[in-house]
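Chemist: These protein sequence lines map, in sequence, to chains A and B.
1 is the number of the first residue of the first sequence in our numbering; add one for each residue after it.
1 is the number of the first residue of the second sequence in our numbering; add one for each residue after it.
These are computed hints drawn from the structure, not numbers from a lab.
None of the values given here were measured: they were computed from a predicted structure.
Just so you know, even glycine gets a beta-carbon here, dropped at the ideal spot from N, CA and C.
There's no promise every hint is true.
Sample of chain B residues facing chain A (criterion: CB under 7 Å; computed from the structure) [as the list claims (entries may be wrong)]:
| id | residue |
| --- | --- |
| 1 | Y39 |
| 2 | L44 |
| 3 | L46 |
| 4 | K60 |
| 5 | Q98 |
Going by beta-carbon spacing under 8 Å, a handful of chain B positions derived as facing chain A [stated by the list, open to error]:
| id | residue |
| --- | --- |
| 6 | G43 |
| 7 | S103 |
| 8 | V109 |
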Amino acid sequence: DAGITQSPRYKITETGRQVTLMCHQTWSHSYMFWYRQDLGHGLRLIYYSAAADITDKGEVPDGYVVSRSKTENFPLTLESATRSQTSVYFCASTSRGASYEQYFGPGTRLTVT
Amino acid sequence: GDSVTQMEGPVTLSEEAFLTINCTYTATGYPSLFWYVQYPGEGLQLLLKATKADDKGSNKGFEATYRKETTSFHLEKGSVQVSDSAVYFCALEGSARQLTFGSGTQLTVLP
């Protein structure tokens, strides 16, 4: 399918477990982003990537790890999940030119029990 | 650092009412500004954008003007419809293309 997809769409996990959220885009966009959405906070940037093998921290990176070995994929790993990481996670991508639209995936709703 | 302050919600209007959602920002320089909309259970979609001072972004009857004097980018629509019910986010673009979002405003339009 064309576009940006996320998997799984829903995930329930236990405290302390490792969880990986997947993001895949078919446009060969250079930039990819991970945001988390929490009530009252809007969306906050976790990590971003300007190209394959180039990643950098955003506003709330603690407890998360990312990698980007291929342009089209940008997985987000919670190394040891905590209840405070219960959230809705959105992946987004955009092309290299300035001020282009960011395209968002449908989101992953993660619950940590 | 960059920040966006958005009008607190929720906002409830009757169909055909006038809508304003206030948005102000703090940033170095003159960033591009955006309004995104989120319908229930979906990701965010770009509604409109403005890339420089005095630009007016418009789409689907919504408008917002980039005001550098007041560092504002208020969203307006002259006549809302039930289908406009959604959460609206104001955002600015940083130097690494990342977006800084406001907290979102829930709009409900009643028939």
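Chemist: Next, verify each hint and record whether it holds.
Modeler: Quick rundown of the hints versus the structure:
no.: 1; hint: Y39; verdict: violated, 11 Å
no.: 2; hint: L44; verdict: holds, 4 Å
no.: 3; hint: L46; verdict: holds, 4 Å
no.: 4; hint: K60; verdict: violated, 15 Å
no.: 5; hint: Q98; verdict: holds, 5 Å
no.: 6; hint: G43; verdict: holds, 4 Å
no.: 7; hint: S103; verdict: holds, 4 Å
no.: 8; hint: V109; verdict: violated, 21 Å
The structure is inconsistent with the numbered hints 1, 4 and 8, although it conforms to all the rest.
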